[in-house]
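Novice: The lines below spell out each chain.
There are 2 protein chains.
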Amino acid sequence: MMLSDLRAAFAGRLLTEAADTAPFLTDWRRKWTGRALAVAQPDTAADVAAVVRWCHAQRVAVVPQGGNTGLSGGATPDGSGHAIVLSTARLNRVRSLDPMGNTLTSEAGVTLQQVQHAAQEADRLFPLSLAAQGTCTIGGNLATNAGGVQVLRYGNARALCLGLEVVTADGQLWDGLRALRKDNTGYDLRDLFIGSEGTLGVITAAVLQLFPRPAAQVAAFVAVPSPADALGLLALAQARLGAGLTAFELVSDTCLGLVERHVSAARRPLADASPWYVLIELSDTRSETEATAQLESLLEAALEAGHATDAAVSTSVAQFRCLWALREDISESQGAEGPAIKHDIALPIARIPDFIATTDASLARHFPDLRLVVFGHLGDGNLHYNLSPAPGATGAADRAAIAALEAPVNRLVHDAVHAHGGSISAEHGLGLLRRDESARCKSAVELQLMHAIKRALDPLNLMNPGKLLAPEPTP
Amino acid sequence: MMLSDLRAAFAGRLLTEAADTAPFLTDWRRKWTGRALAVAQPDTAADVAAVVRWCHAQRVAVVPQGGNTGLSGGATPDGSGHAIVLSTARLNRVRSLDPMGNTLTSEAGVTLQQVQHAAQEADRLFPLSLAAQGTCTIGGNLATNAGGVQVLRYGNARALCLGLEVVTADGQLWDGLRALRKDNTGYDLRDLFIGSEGTLGVITAAVLQLFPRPAAQVAAFVAVPSPADALGLLALAQARLGAGLTAFELVSDTCLGLVERHVSAARRPLADASPWYVLIELSDTRSETEATAQLESLLEAALEAGHATDAAVSTSVAQFRCLWALREDISESQGAEGPAIKHDIALPIARIPDFIATTDASLARHFPDLRLVVFGHLGDGNLHYNLSPAPGATGAADRAAIAALEAPVNRLVHDAVHAHGGSISAEHGLGLLRRDESARCKSAVELQLMHAIKRALDPLNLMNPGKLLAPEPTP
Chain D
1 MMLSDLRAAF AGRLLTEAAD TAPFLTDWRR KWTGRALAVA QPDTAADVAA VVRWCHAQRV
61 AVVPQGGNTG LSGGATPDGS GHAIVLSTAR LNRVRSLDPM GNTLTSEAGV TLQQVQHAAQ
121 EADRLFPLSL AAQGTCTIGG NLATNAGGVQ VLRYGNARAL CLGLEVVTAD GQLWDGLRAL
181 RKDNTGYDLR DLFIGSEGTL GVITAAVLQL FPRPAAQVAA FVAVPSPADA LGLLALAQAR
241 LGAGLTAFEL VSDTCLGLVE RHVSAARRPL ADASPWYVLI ELSDTRSETE ATAQLESLLE
301 AALEAGHATD AAVSTSVAQF RCLWALREDI SESQGAEGPA IKHDIALPIA RIPDFIATTD
361 ASLARHFPDL RLVVFGHLGD GNLHYNLSPA PGATGAADRA AIAALEAPVN RLVHDAVHAH
421 GGSISAEHGL GLLRRDESAR CKSAVELQLM HAIKRALDPL NLMNPGKLLA PEPTP
Chain L
1 MMLSDLRAAF AGRLLTEAAD TAPFLTDWRR KWTGRALAVA QPDTAADVAA VVRWCHAQRV
61 AVVPQGGNTG LSGGATPDGS GHAIVLSTAR LNRVRSLDPM GNTLTSEAGV TLQQVQHAAQ
121 EADRLFPLSL AAQGTCTIGG NLATNAGGVQ VLRYGNARAL CLGLEVVTAD GQLWDGLRAL
181 RKDNTGYDLR DLFIGSEGTL GVITAAVLQL FPRPAAQVAA FVAVPSPADA LGLLALAQAR
241 LGAGLTAFEL VSDTCLGLVE RHVSAARRPL ADASPWYVLI ELSDTRSETE ATAQLESLLE
301 AALEAGHATD AAVSTSVAQF RCLWALREDI SESQGAEGPA IKHDIALPIA RIPDFIATTD
361 ASLARHFPDL RLVVFGHLGD GNLHYNLSPA PGATGAADRA AIAALEAPVN RLVHDAVHAH
421 GGSISAEHGL GLLRRDESAR CKSAVELQLM HAIKRALDPL NLMNPGKLLA PEPTP
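So the protein sequences, as listed, match chains D and L. To convert, note that position 341 of the first sequence is 341 in this note's numbering; the numbers rise steadily by one, no gaps. To convert, note that position 89 of the second sequence is 89 in this note's numbering; the numbers rise steadily by one, no gaps.
Hints listed in this document are in silico derivations from the structure and should not be mistaken for laboratory results. Check each hint, because a few of them may be wrong.
Said to hold, decoys possible - Covered by chain D, according to a simulated footprint, are these stretches of chain L (three or more residues, beta-carbon under 8 Å):
#1 239-253
#2 409-423
Claimed, not checked - Example chain D residues on the side facing chain L (calculated, C-beta under 8 Å, incomplete):
#3 MET100
#4 ASP415
#5 ALA426
Each residue gets a CB set at the ideal place from its N, CA and C atoms; glycine is no exception.
Please build the complete structure, drawing on both the sequences and the hints.
Specialist: Shown next as structure tokens:
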């Protein structure tokens with residue numbers, strides 16, 4: 001096996017020096033570090049196919065990598081040093097934009113923010129939005145079926161993709177770049193590759209769905225007595241705002257306190273503290289006046305029904321951004337309190353109050369030194385149900401102590417999620433982080449079906465091996 | 001192989017008398033008639049699994065059938081007489097409805113209309129809507145990824161399904177009935193079974209997504225000079241109405257003339273004829289007054305821009321229904337003109353005017369005796385691009401003549417669709433009708449991927465064999 005043959009096989013860059021490859025071998029959270037033969041950065045989809053064909057012929061594993069912002073270790077090679085990291089960095093062109101059809105065709109390595117901007121320049125909205133958007137790529141967003149804050153209205157990455165271009169495990173290029181809203185001509189290959197975390201093939205381009213840009217957006221920060229009241233408010237908001245309701249985020253008072261402590265510009269928008277808050281975003285095709293009136297009318301009804309005790313409504317773009325920052329700065333503020341134990345869970349929405357009550361109590365009983373830091377996309381049933389160490393516990397011994405708690409805490413929380421009919425990975429994917437916990441929650445028949453698909457599309461187990469699914473036991 | 005063993009293996013009915021089985025052996029359009037060992041109607045999902053296990057052990061094919069309203073022959077057994085038709089008629093329970101989570105769990109044999117009614121009783125909307133809704137079943141809707149008139153706003157059947165229960169080809173029951181909006185824990189089995197037309201397994205139940213019911217709906221019937229103007233109107237409507245735009249249907253003057261001729265209650269809503277019309281539906285969460293004002297403002301802008309020449313807006317529920325009837329009665333009215341050659345195609349929306357102009361001209365050149373009957377879901381890029389014989393040509397010789405034209409006309413239209421980046425089956429599926437035409441339009445790599453999946457999940461080729469995919473050539 002000669003890397004010089006690989007270098008000659010495609011147009012693009014092949015990184016082999018340790019200084020060049022290092023950034024691709026450790027994940028963003030620095031939880032995993034691996035090794036690789038080289039990092040390939042092909043110029044085009046045809047070059048991706050050439051790289052994969054070489055790997056296939058040489059029986060070399062391929063680890064696709066976009067912006068390397070994943071939280072589950074899905075883009076980091078293992079320690080064997082026998083894999084090629086396939087970086088999509090040079091697949092960085094927006095190929096076309098069709099304003100009438102409301103579609104945009106992007107290569108995999110374009111960042112989410114670049115796609116958002118391209119849409120905006122054509123007076124359109126690409127609604128996928130998440131913290132890593134300046135660095136994460138469309139290919140990675142699709143490979144992990146990314147979520148974010150607008151899923152309630154527009155769906156996750158899967159729902160925003162009409163067509164895909166994929167290099168298969170044996171290095172063929174599948175052109176499934178259909179810009180169609182309806183296409184019932186066989187198995188849904190698109191949705192099979194979306195969310196498969198690079199284990200079935202490499203996404204090289206996608207047709208994305210755009211939307212009209214709303215004329216106005218307003219936000220409200222609402223004090224709610226309990227998660228059950230947050231759901232009462234959600235039901236009211238859905239009935240009154242319909243598709244105008246574009247975000248519905250839950251924030252605990254603990255979260256707000258952390259943001260206040262660590263972000264100097266942060267100000268509490270309400271006079272009195274409340275155990276919980278909800279951030280509501282309303283988007284409107286008409287005007288800010290109409291939107292504000294509709295939102296205020298909703299809040300009056302919520303106050304009257306007892307689902308809310310106070311609320312602040314944005315009256316300018318600056319205020320709108322300040323209210324959103326209170327939500328968006330939670331993760332970083334939690335980070336400043338020492339290492340966290342994180343969960344990315346989804347639940348049937350109606351079961352969330354019971355889940356929170358019983359799981360909070362169970363955690364307090366078994367892990368009394370941990371603090372709950374709960375927030376998330378309540379409108380989608382998606383909670384970031386996190387834990388932090390006690391205030392000030394940030395020394396080396398504290399770090400070791402919390403690292404030792406991660407597995408038992410994960411287990412307790414995931415068991416509770418499973419018992420409530422939920423999912424242990426709502427929007428971050430499985431990668432290495434949740435692979436085995438997920439297998440524990442799935443039925444034998446579901447795992448059999450997944451393994452059968454993996455064997456069918458990647459019989460040599462070369463595509464991102466060990467991610468998402470544990471290797472099958474050899475019979 | 002003893003049918004008495006099968007009879008003993010499950011709870012439900014087993015029909016073997018010719019008089020009992022006949023309705024299950026011919027499709028709704030009477031294009032295909034097959035034979036079967038028996039028709040099984042299991043009582044529960046576990047009984048479906050028992051039937052499939054028996055078939056698997058005996059190497060007997062399984063042909064799943066819901067309401068038998070499909071248009072592509074996907075639910076009719078072949079002529080061998082070796083298959084069991086698996087009717088979902090007795091899987092007829094709505095298992096649960098969660099108004100807070102906006103979900104409904106239904107068994108496969110519940111009709112679409114029953115699901116709509118169950119949602120309505122809980123003050124919710126299940127938006128899937130199509131002509132066969134009184135008879136077609138949720139299982140069939142999902143197996144064929146049905147579309148209909150509200151896809152523009154709410155998506156097709158795929159987009160309305162959160163979870164599935166499926167009996168696999170070897171008779172295992174997969175419980176994937178997740179009532180979650182986010183779940184990134186592995187391969188998307190749900191979307192693989194949806195649209196697979198019973199060739200990978202039998203859908204026995206589904207979790208469906210509900211929506212708030214709109215407070216008001218108004219419709220406008222709009223005269224537009226050309227398909228390009230219809231698109232201009234669509235762009236205006238999307239920008240101004242956003243998600244309030246719940247239907248955008250194209251109707252040619254020929255279609256309206258057929259409805260006028262064959263439906264005695266039908267009245268033209270506009271004084272002057274126009275080559276094309278658009279039916280717009282606006283749904284609003286506030287009131288009919290607001291909705292009407294918004295729609296009228298849109299129509300003023302469209303008249304000013306020259307995209308519309310006249311319009312009628314509904315001012316009562318009765319008028320709303322009358323305008324919709326003009327669209328819904330087209331199929332039946334076309335049927336009264338003799339046998340038709342039908343197409344269910346999807347195109348990138350911006351390419352529709354060019355497709356219509358060039359394909360109309362090509363058809364007129366090659367098949368001058370046929371009349372074009374064009375209508376469809378323009379907002380989704382989905383046209384029912386149909387042809388009828390000349391007026392009065394309904395005799396036996398005419399029928400034979402048009403039957404002989406079907407294949408060459410299909411070929412011409414499908415080639416044009418393919419050249420315009422479209423799909424030859426937008427919402428009806430492939431079944432037998434479009435199976436080979438679809439294969440002609442697909443790349444070798446796409447067909448390879450589909451066959452690999454079929455082999456992986458149904459290695460004995462027992463699930464609805466010969467539908468959707470032609471059997472693989474034996475090597």
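Novice: Evaluate each hint against the coordinates.
Specialist: Hint by hint, here is what the structure shows:
Given a C-beta distance limit of less than 8 Å, the hint that chain D covers the stretch 239-253 of chain L holds, as 6 residues qualify and 3 suffice. Restraint check on the stretch 409-423 of chain L versus chain D: 3 residues with Cβ-Cβ distances below 8 Å, three needed, restraint holds. Annotation: MET100/D was flagged as interfacial toward chain L, and the flag holds, the nearest CB pair being 4 Å apart, inside 8 Å. For ASP415/D, the suggested interface contact is broken, since its CB lies about 15 Å from the closest CB of chain L, more than 8 Å.
Taking 8 Å as the C-beta contact cut-off toward chain L, the hint placing ALA426/D at the interface holds, the least distance being around 4 Å.
Of the hints listed earlier, the one the structure fails to meet is number 4.
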